[in-house]
Amino acid sequence: MLSSTEVSNTEPTAFRGLLFIGDPHLEARVPGFRKDDYPSTILQKFSWCLEFAIQNRLQPFLLGDLFQLPQDNPNWLISQIIENVPRPLPAIHGNHDVRENRISENDSIQILFNSGTLRRIDADYPWIGNVDGKQVAVSGTSWGEKLPKRYERRTEDLVVWMTHHDILIPGYEDAGRIRPKPLSGIDVVINGHIHRPLPPVQTGETHWITAGNIARRTRSDATRSRTPSVVCLTHKGSDLDFQRPVVNEYDLGNDWQLQWIAIPHEHFDDVFHEAVESDESAPDEQGSGFIADLQELITRKTETGAGLIQFLNDHLDDFAPEVGQEILSLAGEVTQHPDQDSLDES
1 MLSSTEVSNT
11 EPTAFRGLLF
21 IGDPHLEARV
31 PGFRKDDYPS
41 TILQKFSWCL
51 EFAIQNRLQP
61 FLLGDLFQLP
71 QDNPNWLISQ
81 IIENVPRPLP
91 AIHGNHDVRE
101 NRISENDSIQ
111 ILFNSGTLRR
121 IDADYPWIGN
131 VDGKQVAVSG
141 TSWGEKLPKR
151 YERRTEDLVV
161 WMTHHDILIP
171 GYEDAGRIRP
181 KPLSGIDVVI
191 NGHIHRPLPP
201 VQTGETHWIT
211 AGNIARRTRS
221 DATRSRTPSV
231 VCLTHKGSDL
241 DFQRPVVNEY
251 DLGNDWQLQW
261 IAIPHEHFDD
271 VFHEAVESDE
281 SAPDEQGSGF
291 IADLQELITR
301 KTETGAGLIQ
311 FLNDHLDDFA
321 PEVGQEILSL
331 AGEVTQHPDQ
341 DSLDES
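Under the UniProt record's numbering, the residues of the sequence shown are numbered 1 to 346, in order.
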């Protein structure tokens, strides 16, 4: 691994802080049970994050999953992204950005890397810049790549590592695979992929942060209570006033702090269709649930087939496991429905 002194990509601009944008999942369809114009809404949120960074002299970073679908995104969507990014945006890619575990020329995000809209950062090519007079290095590990064991720092006051992985932390035990551990030379790991912010975990001198994403894609009780936000990292001596609600704060204990800044958003009930309730006069609980799900499926003909997938998940216990998996596989092919690991916000 290269040391920081071997990388000649230091940014000349002095910033007031860093802004980490989690999992936009841009797409041309309306996901789940959302009833708004999601493609326009999520583009506006992404643009707001970039504009917010400019106004407050923050360097923005992308934590992966810019796209919901890795390929076949319409040209208008890619063009809008290029127009909205004023300067190369340091980024890693997520699992939804790539068809396979490795990035390829056919993935939409590769177009943005090739065009210079996004700047891919990794262990050998970190971003190094001046933040409030302090030297900060930000590197990252994209989906499908191994996390480093250490970073050979020289003069950096702070080292941040972006990831897009299944980190095993409280609240994500079932899907978590990578257990947090001390990473020599790395002060803070900021992870995308998991859409709900979870409590930070400290191992040794390394803080593991779950950023959460900037939009609500699924209808659930957890989503109802969650405020879409971005993560801002600043020096504690900073006098920045974002004039936005602060959803959460975390003290890194080394003169740096994290703040989750609320993104403009609509009320949950204005964004999602109401769930269709079952008829209380139904003869039994199982029949009642089946009728409610069937009503949901008929009433909410969602663009991504969310009603169909939910209906199947609720009733596949009636079939042999191998039959149920084949049904889900066929439904996924028809609806292009993605894996639910990173989309679960419950």
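A few of these clues could be false.
Unchecked claim - Below are the DSS-like pairs computed for lysine-lysine, each with C-alpha atoms no more than 30 Å apart in a straight line: (1) K181 with K236; (2) K236 with K149; (3) K146 with K134; (4) K149 with K181; (5) K134 with K35; (6) K236 with K45; (7) K134 with K181; (8) K146 with K181; (9) K134 with K149.
Derived from the structure by calculation, the hints contain no laboratory data. All values reported here derive from a predicted model rather than from experimental measurement.
Hints, verified against the model:
no., hint, result
1, K181 with K236, "holds (25 Å)"
2, K236 with K149, "holds (28 Å)"
3, K146 with K134, "holds (28 Å)"
4, K149 with K181, "holds (9 Å)"
5, K134 with K35, "violated (45 Å)"
6, K236 with K45, "holds (27 Å)"
7, K134 with K181, "holds (26 Å)"
8, K146 with K181, "holds (14 Å)"
9, K134 with K149, "holds (24 Å)"
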